[in-house]
Amino acid sequence: MELLLAITIGLLYASGVYMVLRRSMVKLIIGIILIGNGVNFLIFLLGRITKGSTPIISENSDTFLEAYADPVPQALILTAIVISFGLQAFAIVLIKRVYKVLNTDDIDRLSHTEDYDIL
Amino acid sequence: MNSVILRTAASFLLPLLIMFSVFILLRGHYLPGGGFVGGLVAAVGFVLHMFANGLDETRRLLMIHPGYLLPCGLSLALLSGFTPVLITGEPFMTGVWLDDPVPVIGSIGTALFFDLGVYLVVVGVSLTILFTISEEVK
Amino acid sequence: MLTAVLTGFIFACVLVFAGKPLKGRASLINAVVPIGLFVYFCAQIPQVIAEGAIYKSYSWVSSMGVDMNFNLDGLSMIFALMITGIGSMVFIYTSAYMKGSPQLDRFYGYLGMFMAAMLGVVLSDNLITIFVFWELTTIVSFFLIGYNTHDKGSRRAAMTSLGLTGLGGMLLLGGIILMGSIGDTYSIQEMLNSGIAFSDNAYYPLILFFIIGAAFTKSAQFPFHFWLPLAMKAPTPVSTYLHSATMVKAGIYLIFRLSPLLGNDPSWNNTLMLFGGITMLYGAWHTVFRTDLKAILAYSTISALGILTFLIGLGTKAAFLAALIFIMVHALYKATLFLVAGSIDKATGTRDILRLRGLGKYMIPVAIAGILAAISNAGIPPSFGFLGKDLIYEATLGMGESAVFLTAAAVLTNILLLYAGFVVGIKPFMGTRLDPEIKVKKLSPAIWVPGLILGILCIVFGIFPAVGEGLVRPALSAVYGEPFESHLKLWHGFTTILLLSGITIACGVLLYLFVKPSNQKVALMAKADFISPQVITEQISRGFLRLSIFWTRTFNSGYLGYYVITVMVFVIGIVGYELVAVLHVKVDFSQLKEVTFYEMSTILIMISGIVVAVFSQSRLAAIAALGVLGYAMCIIFVFYGAPDLAMTQFSIDTLTVILFVLIIFRLPKYKVLSNMRSRIRDGVVALSFGTLITLLILEVLAQPVNRELSEFYADNAYLLAKGKNVVNVILVDFRGIDTLVEITVLAIAAIGVFSLMKLEIKKSEID
Chain A
1 MELLLAITIG
11 LLYASGVYMV
21 LRRSMVKLII
31 GIILIGNGVN
41 FLIFLLGRIT
51 KGSTPIISEN
61 SDTFLEAYAD
71 PVPQALILTA
81 IVISFGLQAF
91 AIVLIKRVYK
101 VLNTDDIDRL
111 SHTEDYDIL
Chain B
1 MNSVILRTAA
11 SFLLPLLIMF
21 SVFILLRGHY
31 LPGGGFVGGL
41 VAAVGFVLHM
51 FANGLDETRR
61 LLMIHPGYLL
71 PCGLSLALLS
81 GFTPVLITGE
91 PFMTGVWLDD
101 PVPVIGSIGT
111 ALFFDLGVYL
121 VVVGVSLTIL
131 FTISEEVK
Chain C
1 MLTAVLTGFI
11 FACVLVFAGK
21 PLKGRASLIN
31 AVVPIGLFVY
41 FCAQIPQVIA
51 EGAIYKSYSW
61 VSSMGVDMNF
71 NLDGLSMIFA
81 LMITGIGSMV
91 FIYTSAYMKG
101 SPQLDRFYGY
111 LGMFMAAMLG
121 VVLSDNLITI
131 FVFWELTTIV
141 SFFLIGYNTH
151 DKGSRRAAMT
161 SLGLTGLGGM
171 LLLGGIILMG
181 SIGDTYSIQE
191 MLNSGIAFSD
201 NAYYPLILFF
211 IIGAAFTKSA
221 QFPFHFWLPL
231 AMKAPTPVST
241 YLHSATMVKA
251 GIYLIFRLSP
261 LLGNDPSWNN
271 TLMLFGGITM
281 LYGAWHTVFR
291 TDLKAILAYS
301 TISALGILTF
311 LIGLGTKAAF
321 LAALIFIMVH
331 ALYKATLFLV
341 AGSIDKATGT
351 RDILRLRGLG
361 KYMIPVAIAG
371 ILAAISNAGI
381 PPSFGFLGKD
391 LIYEATLGMG
401 ESAVFLTAAA
411 VLTNILLLYA
421 GFVVGIKPFM
431 GTRLDPEIKV
441 KKLSPAIWVP
451 GLILGILCIV
461 FGIFPAVGEG
471 LVRPALSAVY
481 GEPFESHLKL
491 WHGFTTILLL
501 SGITIACGVL
511 LYLFVKPSNQ
521 KVALMAKADF
531 ISPQVITEQI
541 SRGFLRLSIF
551 WTRTFNSGYL
561 GYYVITVMVF
571 VIGIVGYELV
581 AVLHVKVDFS
591 QLKEVTFYEM
601 STILIMISGI
611 VVAVFSQSRL
621 AAIAALGVLG
631 YAMCIIFVFY
641 GAPDLAMTQF
651 SIDTLTVILF
661 VLIIFRLPKY
671 KVLSNMRSRI
681 RDGVVALSFG
691 TLITLLILEV
701 LAQPVNRELS
711 EFYADNAYLL
721 AKGKNVVNVI
731 LVDFRGIDTL
741 VEITVLAIAA
751 IGVFSLMKLE
761 IKKSEID
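Here the protein sequences line up with chains A, B and C, keeping their order. Going left to right, the first sequence walks through residues 1 to 119 as UniProt numbering numbers them. Going left to right, the second sequence walks through residues 1 to 138 as UniProt numbering numbers them. Going left to right, the third sequence walks through residues 1 to 767 as UniProt numbering numbers them.
Bear in mind the hints are in silico, worked out from the structure with no lab data behind them. Careful, some of the hints might be misleading.
[Unchecked claim] Listed below are the simulated DSS-like cross-link pairs for lysine-lysine, each with C-alpha atoms no more than 27 Å apart in a straight line: (1) A:Lys100 x C:Lys758; (2) C:Lys427 x C:Lys439; (3) C:Lys99 x C:Lys152; (4) C:Lys361 x C:Lys427; (5) C:Lys361 x C:Lys442; (6) C:Lys516 x C:Lys361; (7) C:Lys593 x A:Lys51; (8) C:Lys442 x C:Lys427; (9) C:Lys427 x C:Lys516; (10) C:Lys99 x C:Lys516; (11) C:Lys593 x A:Lys100; (12) A:Lys51 x C:Lys586; (13) A:Lys100 x C:Lys671; (14) C:Lys516 x C:Lys439; (15) C:Lys99 x C:Lys442; (16) C:Lys152 x C:Lys56; (17) C:Lys442 x A:Lys51; (18) C:Lys758 x C:Lys669.
Chain A with its partners taken away, still in its complex shape (with noise of 0.2 Å):
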């Protein structure tokens, strides 16, 4: 399982990166949004994944009995799913005002913000 999840992890951070290199900004936030994924379950896979059994303690004792799963990566994940909510909509919210003042969304348009020259 292991590897299968490697492999779909690879495709989530290629196809996100693809993404990110096209030039129309609703894909550059599907792209944010495949690497956000590709990255939790990253972690979720790097800390080790073991089926069935959850990081909780049993009622009846105070540590525990048996095999649980690695609590810090799901805390991290947890932490990094709320927080990719927020920079979802902020992104959205952002390329719509983009869009709105600029009436475009090609990036490679907002390459400059104004004619300039260093010397």
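Given chain A, put chains B and C in place with the hints provided.
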């Protein structure tokens, strides 16, 4: 989305979902759940209500702008962090607990209030974002 | 002593708040500060003479060997007196010269800071603190040169001097760190006491390069001299104080101070002698080709600094003695000449020597000061300059076989310098008629008194050589290590030295009488500009600018895709090489057998979600695919024991899809923007990067995992935090502060969304 079924369902679902979110919040320390999930579930409930009855109706129901939840939640979380400093003189964010568990809610401690702060912030953030955007789209 | 050093800084700080009243008429009061310090240092003289040095230690960063240790020995005393004494005169002079300047308080603040920094340089015993104060003088000098901020030339001059002396500061730091790590201490006294032989160390040439480079840039030695004439753009008090009498001598001070440590090697002496010699001749020669009073003085200052470097390079006791005396001689007469030049400028509005004549009867005190300074500069007895020049000749004559050559260079330099001194100090006052276009304004006493005092001192020090001797005695023992026996006298009898002095004076006077400054000469010299160090340096800096523009335009193109591809290709290259060539990742396909049906189908759902999200032409389909992808991830989380994650991912996914659906029709439609070629290129890069990530994961999974942290949290979740859901306990208890910051970030994102949406777009924002 002007369907009678949805509207009827949503008005029942909203209180249910909010109760469920509080339940998730409270049990978070012992079982899966917590402030983040709880907050999100509550937000989903309100969004559902919004779809069914329109933004204005949901606004009226909520009474305050969801943005106000942000400072409330943040201060609550911060205060719960400072409680040990003020009461027992222990370092910032040390857990302080009441000795006896309260029925229904369970043990009460600073971590619970911290989680409540997280809950409020998450509700506030989700609803602020969604309300703002749907208002713009309307 | 700490107070003495800090006074200037405190003074500058006070001016920030209380500058207003000290701006106008009352600005003369500012001079109390340097005069007070001068008196303080004078009061220390007896103790220094009796004990050799006063050492005060204030601990600062002791753990790193950096302390505020001040050592007032003979050498420091000479410099401290010069800094505060000439500082007093300059402060007085400024009050009248800069009268009415709107930022006079700031100007005084800079001067005070400069004085403090300079005192810090000459009094510090710790090399690091020397460096700190050294840099402060550079920075303050930048502000003082660029004081006329509206003048382009000023700004350019300030930048040039900052660039060059800043470079020197960096060299100094390099040298100091090397010395400190070799000597295991930053204290000069400790280095001297421990008797480290730096010249035996393998790094000695490097230290030499750093320290001498620092001193040369600061003291305007060839080929770094050109910032000094440019710096004449500064108001005259600044030129007087920083660029003739004190700051440029910081480099000389540094060489002096370190010569007991670094100086017992021929490479040290030869370098100093060579560059000092070139500088003194080069500077003196250029004075003949200038018509601006301050330009002439600038080049003669360069020449004088060259003489000092040259003398220290000689390394004999006589040469050190000559250098110490000449420092004082030069400071006195050059400061006077600068003040005179400034006074002339103030009164007539011009510094062009071709237009200045017959001023003598209009400004008698200034004329007297100028003539006295010119006499001292010329070395005519009984002036202080006569003593100085005698000692220089005595030093060069004592050099054995090369004596003739060295003496000739010294004589030639002095002849040219005499000419320069006469042109500035005497020529403007000679003649009977004024240039018809020039109107002479009346000068206030505050302008001519300081110059006159310094001018008179030029002679007084000559008539009473014991004064200078008393100061030099402890200084010489500080830098040479031997006590001083002989006595300074004006009259030695008829000797070779006297003959040389006579030749110098005669030739110089003849030169003054027959060679007149003219515009033709200026033009002549301008022709040789293309090989001058200044032009070459400017070319180099322009080249750097071009290079950096090219670099910026290449790597900072403004195209997001370009950045991403650059980063990706670089990472793929580096990490991929390491993975494939060094680690030999093995892919074990046998584990695929254990994969169950529901796992396989979840993965397939995910992959199809990805494919649709990427290739769909419909935005709605792409978003729906993202939703499906997220829910599939939920299922994976559930399989592998992460219910919290599954719940969170589920709700967030729902909200994200709702968000997208709400706004999707307000977003631009997909358009065909890129061609096939760039798609294939991007596809190749993306797929390689994905493969790289997969390989990386497999490699990491093959390594053992450290679970220490997780075990700690798991073992203590209930015992310390009374919680059984370890993930939640980590979030709200163990790492609560992180969560607190995270929800703050979330709140900021929400506020950002809110304000971006609610912000009214002005008409001007839309093209």
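Evaluated hints:
1. Taken as a hint, the lysine 100 of chain A and lysine 758 of chain C pair is honoured in the structure, with Cα atoms around 13 Å apart against an allowance of 27 Å.
2. Simply put, lysine 427 of chain C and lysine 439 of chain C have alpha-carbon atoms about 18 Å apart, close enough for the 27 Å limit, and the pair holds.
3. Distance hint between lysine 99 of chain C and lysine 152 of chain C is fulfilled; the C-alpha atoms sit about 23 Å from each other, no more than 27 Å.
4. Between lysine 361 of chain C and lysine 427 of chain C the CA atoms are separated by roughly 13 Å; this keeps the pair inside 27 Å, and the hint holds.
5. About 12 Å separates the Cα atoms of lysine 361 of chain C and lysine 442 of chain C, which keeps this hinted pair within 27 Å; it holds.
6. Taking the CA atoms of lysine 516 of chain C and lysine 361 of chain C, the gap is about 22 Å. The hint holds against a cut of 27 Å.
7. In summary, the hint linking lysine 593 of chain C to lysine 51 of chain A is supported, as the alpha carbons are separated by about 16 Å, within the 27 Å threshold.
8. Restraint check for lysine 442 of chain C and lysine 427 of chain C: the C-alpha separation of about 20 Å stays at or below 27 Å, so the hint holds.
9. Of the pairs offered as hints, the one joining lysine 427 of chain C and lysine 516 of chain C holds, with about 10 Å between alpha carbons and a cut-off of 27 Å not exceeded.
10. Restraint check: the Cα-Cα separation between lysine 99 of chain C and lysine 516 of chain C comes to about 34 Å, which exceeds 27 Å; the hinted pair is violated.
11. For the hint linking lysine 593 of chain C to lysine 100 of chain A, the alpha-carbon distance of about 53 Å lies beyond 27 Å, and the restraint is violated.
12. At roughly 24 Å between alpha-carbon atoms, lysine 51 of chain A and lysine 586 of chain C fall within 27 Å of each other, so this suggested pair holds.
13. Annotation: proposed proximity of lysine 100 of chain A to lysine 671 of chain C holds, straight-line Cα distance about 17 Å (limit 27 Å).
14. About 24 Å separates the Cα atoms of lysine 516 of chain C and lysine 439 of chain C, which keeps this hinted pair within 27 Å; it holds.
15. Taken as a hint, the lysine 99 of chain C and lysine 442 of chain C pair is honoured in the structure, with Cα atoms around 14 Å apart against an allowance of 27 Å.
16. Among the hinted pairs, lysine 152 of chain C with lysine 56 of chain C is inconsistent with the structure: their alpha-carbon atoms are about 44 Å apart, more than 27 Å.
17. Among the hinted pairs, lysine 442 of chain C with lysine 51 of chain A is inconsistent with the structure: their alpha-carbon atoms are about 98 Å apart, more than 27 Å.
18. Taking the CA atoms of lysine 758 of chain C and lysine 669 of chain C, the gap is about 23 Å. The hint holds against a cut of 27 Å.
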